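Novice: Use these hints to put chain D onto chain R, whose structure you have.
Just so you know, the sequences run in chain order R and D. If you're matching positions, the first sequence starts at 1 in the numbering used here and goes up one per residue. If you're matching positions, the second sequence starts at 1 in the numbering used here and goes up one per residue.
Please keep in mind that the hints were generated in silico from the structure rather than gathered at the bench. These figures come from a predicted structure and were not determined experimentally. Some clues are possibly wrong.
[Stated by the list, open to error] DSSO-like, lysine-lysine: derived pairs with alpha carbons at most 30 Å apart:
#: 1; chain 1: D; residue 1: Lys-133; chain 2: R; residue 2: Lys-252
#: 2; chain 1: R; residue 1: Lys-160; chain 2: R; residue 2: Lys-192
#: 3; chain 1: R; residue 1: Lys-225; chain 2: R; residue 2: Lys-74
#: 4; chain 1: R; residue 1: Lys-183; chain 2: R; residue 2: Lys-74
#: 5; chain 1: D; residue 1: Lys-133; chain 2: R; residue 2: Lys-179
#: 6; chain 1: R; residue 1: Lys-9; chain 2: R; residue 2: Lys-74
#: 7; chain 1: R; residue 1: Lys-251; chain 2: R; residue 2: Lys-112
#: 8; chain 1: R; residue 1: Lys-179; chain 2: R; residue 2: Lys-74
#: 9; chain 1: R; residue 1: Lys-251; chain 2: D; residue 2: Lys-133
Here are the chains, one letter per residue:
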Amino acid sequence: MSKKNSDGKRTARDRMAAERARRQAADKRKRALIIGGSVVAVLAVAATIGIVVGNNKSDSNNSGWSAAASQPLKAPAGVNGTVISYGSNPNAPVMTVYEDFRCPICDQVEGKLGGTIQEMADAGTIRVDYHIASFLDRNLGGNGSKYAANAAACAVDAGKFKQYHDVLYANQPDETSDKFGNKAYLLELASKVDGLRSPTFDACVNNLTYAPWVKASQEDFNNAKVGDQQVTGTPTIAMNNKKLDYVSADKKSIMAPDVFKAQVEQIIAGMNAAPSATPAP
Amino acid sequence: MNAAVAVDRSTGPTAFRRAIPWIGLAARLGLAAVWAFAGWEKATNPAQAAQAVRAYDVLPESLVEPIGYALPYLELGLAALLVIGLGTRIVAGISALLLLVFIAGISQAWARGLAIDCGCFGGGGPIAPDQTKYLEEILRDIGFIVLAGWLLFFPRTRFSADAWLAIED
Chain R
1 MSKKNSDGKR
11 TARDRMAAER
21 ARRQAADKRK
31 RALIIGGSVV
41 AVLAVAATIG
51 IVVGNNKSDS
61 NNSGWSAAAS
71 QPLKAPAGVN
81 GTVISYGSNP
91 NAPVMTVYED
101 FRCPICDQVE
111 GKLGGTIQEM
121 ADAGTIRVDY
131 HIASFLDRNL
141 GGNGSKYAAN
151 AAACAVDAGK
161 FKQYHDVLYA
171 NQPDETSDKF
181 GNKAYLLELA
191 SKVDGLRSPT
201 FDACVNNLTY
211 APWVKASQED
221 FNNAKVGDQQ
231 VTGTPTIAMN
241 NKKLDYVSAD
251 KKSIMAPDVF
261 KAQVEQIIAG
271 MNAAPSATPA
281 P
Chain D
1 MNAAVAVDRS
11 TGPTAFRRAI
21 PWIGLAARLG
31 LAAVWAFAGW
41 EKATNPAQAA
51 QAVRAYDVLP
61 ESLVEPIGYA
71 LPYLELGLAA
81 LLVIGLGTRI
91 VAGISALLLL
101 VFIAGISQAW
111 ARGLAIDCGC
121 FGGGGPIAPD
131 QTKYLEEILR
141 DIGFIVLAGW
151 LLFFPRTRFS
161 ADAWLAIED
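Chain R extracted, bound-state conformation (with noise of 0.2 Å):
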């Protein structure tokens, strides 16, 4: 009797603490599910958040881009097409330079060889034609590229354009560096040119105004041959439809600028006897 009660007892106190055990495994698994739901929805937040605070400053900067880029074409003043010329005889013959403000090699052509490049556009012996492209930024990342082209092209209408071009070049960032991205920096370089900074330039900057026109430049490039040789980077400096060699025998540098003016030279003293063996109809 004592012990089937005493059994009795047992049972109900087992069934009680199973109960409780039941109970509190029940509260475990809920707050276990509260807390894991809570810590996803915590991160799922704090992602969106990200994705839409990346979205808002690059559609910033690049809806900036894309919406000037829409606008109609206009070339900057006295620009035929795409192609900016400088020197002092518009007859003499051409020497197509395809560059981008942000590649590294062409900051190093122009180091080295701009300086003899202006002295033969000045002497008139050549016509330097500038194509702008643009394309390091998809590879790079940023607007440097068509935000310096962009200035670049507003200093045409200052007839600035190739003093700004050599004040770029001299303060080139680091290739991955998105310096020239930021307006101010474009306007604070134009103030090394004397006369270039008016309100109408720094307006053509901040607006982007060339953009479309830089585009169209960069679309230029894309297609542009030397020869029946497509164009595949920057620096390509191309005169009679031959590519010119700018690195040293040794390729390890940029070729000696006395080097490269023979080189012109000879190229061009082959133009001048071209027309007298097959005299142009």
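Specialist: Below, chain D without anything else, positioned relative to chain R:
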């Protein structure tokens, strides 16, 4: 039976067992600091963060920007959860997984001969080949995985929301 366990717990803990929640606290806050710094440096420049992702040359272009933008905030979210100690084990698991993904990304860049900065704490993108620090970057990430791994095995830590909510494990 129950009583025996209770006795065991009150008299049994060694110095090590008593130290576990404190070591856990240090690991938690250490990992939180890592995520907070990494996330903050990237969140301040989302375009650069996206560029860093792009430089690994793994993801299709359509995913580069969403991932680049989301990642910094995901890291900040992990940092916040670690600071308050909510869902420590899950967060440690996600942290370890994310770090493994980073190591995989750095390793493939190394193996393929890309020259990039990992962009782990901001920056990122292509760099000069002699400036790469792949080994250091991977070892550093392994160090962080050790922190995450500790929390994965010992998720009970001092001053945590988990403890306050009285969750066992």
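Novice: Each hint should be assessed against the structure and marked as holding or not.
Specialist: Structure-based check of all given hints:
At roughly 26 Å between alpha-carbon atoms, Lys-133 of chain D and Lys-252 of chain R fall within 30 Å of each other, so this suggested pair holds. Distance check on the hinted pair: Lys-160 of chain R and Lys-192 of chain R sit about 11 Å apart at the alpha-carbon level, within 30 Å; holds. As the CA atoms of Lys-225 of chain R and Lys-74 of chain R are separated by approximately 24 Å, the hinted pair is consistent with the 30 Å bound. A C-alpha spacing of about 20 Å is found between Lys-183 of chain R and Lys-74 of chain R, which places the hinted pair at or below 30 Å, so the restraint holds.
Of the pairs offered as hints, the one joining Lys-133 of chain D and Lys-179 of chain R holds, with about 25 Å between alpha carbons and a cut-off of 30 Å not exceeded. Using a Cα cut-off of 30 Å, the hinted pair Lys-9 of chain R and Lys-74 of chain R is violated, with the two alpha carbons roughly 98 Å apart. Using a Cα cut-off of 30 Å, the hinted pair Lys-251 of chain R and Lys-112 of chain R holds, with the two alpha carbons roughly 15 Å apart. Proximity of Lys-179 of chain R to Lys-74 of chain R is assessed by CA-CA distance (about 26 Å); at most 30 Å being required, the pair is judged to hold.
At most 30 Å may separate the alpha-carbon atoms for a hinted pair to count; Lys-251 of chain R and Lys-133 of chain D meet this at roughly 28 Å.
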